[in-house]
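If you read the sequences in order, they're chains S and D.
At position 111 of the first sequence (counting the first as 1) the number is 110 in numbering that gives the first Met the number 0, and the numbers step up by one without a gap.
At position 150 of the second sequence (counting the first as 1) the number is 149 in numbering that gives the first Met the number 0, and the numbers step up by one without a gap.
Misleading hints may appear alongside valid ones.
[Unchecked claim] Using 25 Å as the maximum straight-line C-alpha spacing, the simulated SDA-like pairs for lysine to any residue come out as follows:
1) S:K178 / S:L135
2) S:K178 / D:H19
3) S:K178 / S:S159
4) S:K178 / D:D14
5) S:K178 / S:Y189
6) S:K178 / S:Q92
7) S:K178 / D:A144
8) S:K178 / D:L26
9) S:K178 / S:W129
10) S:K178 / S:E156
11) S:K178 / D:A7
12) S:K178 / S:R89
13) S:K178 / D:G10
14) S:K178 / S:N150
15) S:K178 / D:W111
16) S:K178 / S:E137
17) S:K178 / S:R155
18) S:K178 / S:V19
19) S:K178 / D:D6
20) S:K178 / D:A38
21) S:K178 / S:A130
22) S:K178 / S:A61
23) S:K178 / S:G162
24) S:K178 / S:D126
25) S:K178 / S:R127
26) S:K178 / S:V165
27) S:K178 / S:A158
28) S:K178 / D:D125
29) S:K178 / S:E188
30) S:K178 / D:R101
31) S:K178 / S:P152
32) S:K178 / S:C139
33) S:K178 / S:I168
34) S:K178 / D:R18
[As the list claims (entries may be wrong)] For the chain D half of the interface with chain S, some residues (derived, Cβ under 8 Å), not all of them:
35) R5
36) V12
37) W16
38) R142
39) P143
Bear in mind the hints are in silico, worked out from the structure with no lab data behind them.
These numbers were taken from a predicted model, which means no experiment stands behind them.
Note that beta-carbon positions come from the ideal geometry of N, C-alpha and C, so glycine has one too.
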Amino acid sequence: MSTRTNEVWAQATDGFNRWVAGDPAGLDDLVAAMTPVLWHVVRSYRLSEAAAEDVVQTTWLALVRRRAAIVDATAIGGWLTTTARREAWRVAQGDHRTLPVADEDLEPRIPAQRSAEDAAVQHDEGDRIWAAVDGLPERCRRLLRIVAFENRPDYRELASDLGMPVGSIGPTRGRCLAKLRVALMQTGEYR
Amino acid sequence: MSELSRDALLGIVRDVWERHDPVPEHLVPAMQAAAAMAASDLDVELMELVERATELVGARGSSSYTLRFVHGDTDLLLRVAVDGDRSRVDGWVVPPEPMTVRALPGENPTDWSSVVTETGRFELTDLPLGLLRLRLEPHDTTRPAFATPTFEI
């Protein structure tokens with residue numbers, strides 16, 4: 000996985016270790032490092048912003064309550080993302096706060112509201128790249144978003160969340176990456 | 000083609016999501032506050048929930064229920080009434096003891112508090128819905144604070 004993801008994981012481990020050793024700032028640093036990762040992982044489950052924030056908070060409260068059970072500090076990032084995905088999945092299954100059709104599902108079909116200023120630059124490179132990612136099939140969008148933000152997602156849980164056999168996650172990820180590669184090439188930004 | 004390795008592609012995916020569905024600005028500080036508050040509560044002794052009863056009231060959107068918690072010799076009886084998106088808690092501490100009762104809603108570090116009267120009663124009004132816990136802080140400082148487990152309104 001990329002250097003940057005590894006850095007986040009290392010910061011998380013460092014913060015966790017300092018917190019367990021009695022430094023409250025360690026918990027602050029751990030939360031600052033991992034909250035963005037949790038946000039992106041949780042939002043890939045079609046949760047509204049409010050529901051996603053609740054899931055992220057539930058994850059942090061679970062960590063505080065169960066910290067004694069976490070033996071391997073280097074696995075703290077994975078513990079958090081797994082806990083968050085489990086909770087996001089649970090909430091997405093039947094919580095009334097879940098939007099039946101999440102905003103992100105509509106985006107590919109409804110042109111996003113843009114300000115005049117945005118409109119002037121909407122054909123810039125960034126927008127074409129976004130369109131390539133955004134135009135992927137729903138399953139690919141979700142899978143790639145999770146894989147991009149997590150270090151080593153647990154394929155077994157991921158498979159059950161996405162309604163796929165565990166053995167097909169790897170090949171599906173490969174196909175999704177291939178689709179994205181083609182879409183990006185078509186933007187003309189990559190050769 | 001060579002520059003679009005797996006890592007490069009995943010890096011692109013990260014970048015676009017960070018731009019198009021950014022982490023809400025308040026989220027990190029709010030989570031730091033929630034985690035810190037939960038961590039500080041680790042030392043607080045927890046009351047035990049011994050009874051819960053729901054009584055549905057006729058009016059649309061309003062309902063109420065009672066909860067009873069016990070800790071040592073202290074009994075805490077709560078009547079929680081929900082009206083729309085706000086709620087109120089009427090409490091009764093037995094035996095009565097001078098203490099401050101603080102409501103700690105899950106998402107918001109702002110707190111609601113009330114001092115127990117001579118008869119052991121207190122009330123907390125205009126509380127948000129969601130997860131809530133009450134922390135009871137006896138004015139007798141030799142007595143440790145204790146708290147209810149989190150319950151959902």
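Now the hints, each set against the structure:
1. S:K178 / S:L135: Status holds; Cα separation ~7 Å.
2. S:K178 / D:H19: 20 Å, holds
3. S:K178 / S:S159: The hint holds at about 23 Å.
4. S:K178 / D:D14: Judged against 25 Å, a Cα distance of about 18 Å means the pair holds.
5. S:K178 / S:Y189: 14 Å, holds
6. S:K178 / S:Q92: Not satisfied, since the Cα-Cα distance of roughly 28 Å exceeds 25 Å.
7. S:K178 / D:A144: 58 Å, violated
8. S:K178 / D:L26: 33 Å, violated
9. S:K178 / S:W129: With a Cα-Cα distance of about 14 Å, the restraint between S:K178 and S:W129 holds, given a limit of 25 Å.
10. S:K178 / S:E156: 24 Å, holds
11. S:K178 / D:A7: At roughly 14 Å apart (the allowed maximum being 25 Å), D:A7 and S:K178 satisfy the hint.
12. S:K178 / S:R89: Roughly 29 Å between the alpha carbons, so the hint for S:K178 and S:R89 is violated.
13. S:K178 / D:G10: 15 Å, holds
14. S:K178 / S:N150: 22 Å, holds
15. S:K178 / D:W111: 53 Å, violated
16. S:K178 / S:E137: 12 Å, holds
17. S:K178 / S:R155: Holds. S:K178 to S:R155 sits at ~23 Å (cutoff 25 Å).
18. S:K178 / S:V19: Violated, at roughly 44 Å.
19. S:K178 / D:D6: Within the cut-off at roughly 15 Å; holds.
20. S:K178 / D:A38: 45 Å, violated
21. S:K178 / S:A130: Roughly 13 Å separates the two Cα atoms, so the pair holds.
22. S:K178 / S:A61: 37 Å, violated
23. S:K178 / S:G162: Between S:K178 and S:G162 the Cα gap is close to 20 Å, so the pair holds against 25 Å.
24. S:K178 / S:D126: 18 Å, holds
25. S:K178 / S:R127: 15 Å, holds
26. S:K178 / S:V165: 21 Å, holds
27. S:K178 / S:A158: Holds. S:K178 to S:A158 sits at ~20 Å (cutoff 25 Å).
28. S:K178 / D:D125: Status violated; Cα separation ~52 Å.
29. S:K178 / S:E188: 15 Å, holds
30. S:K178 / D:R101: Roughly 54 Å between the alpha carbons, so the hint for S:K178 and D:R101 is violated.
31. S:K178 / S:P152: With a Cα-Cα distance of about 21 Å, the restraint between S:K178 and S:P152 holds, given a limit of 25 Å.
32. S:K178 / S:C139: 9 Å, holds
33. S:K178 / S:I168: Judged against 25 Å, a Cα distance of about 15 Å means the pair holds.
34. S:K178 / D:R18: Distance ~21 Å between S:K178 and D:R18 Cα, so the pair holds.
35. R5: 6 Å, holds
36. V12: Check passed: Cβ of D:V12 comes within 4 Å of chain S, closer than 8 Å.
37. W16: Cβ of D:W16 sits 6 Å from chain S, so the hint holds.
38. R142: It is violated, given that the least Cβ distance between D:R142 and chain S is near 24 Å, above 8 Å.
39. P143: 19 Å, violated
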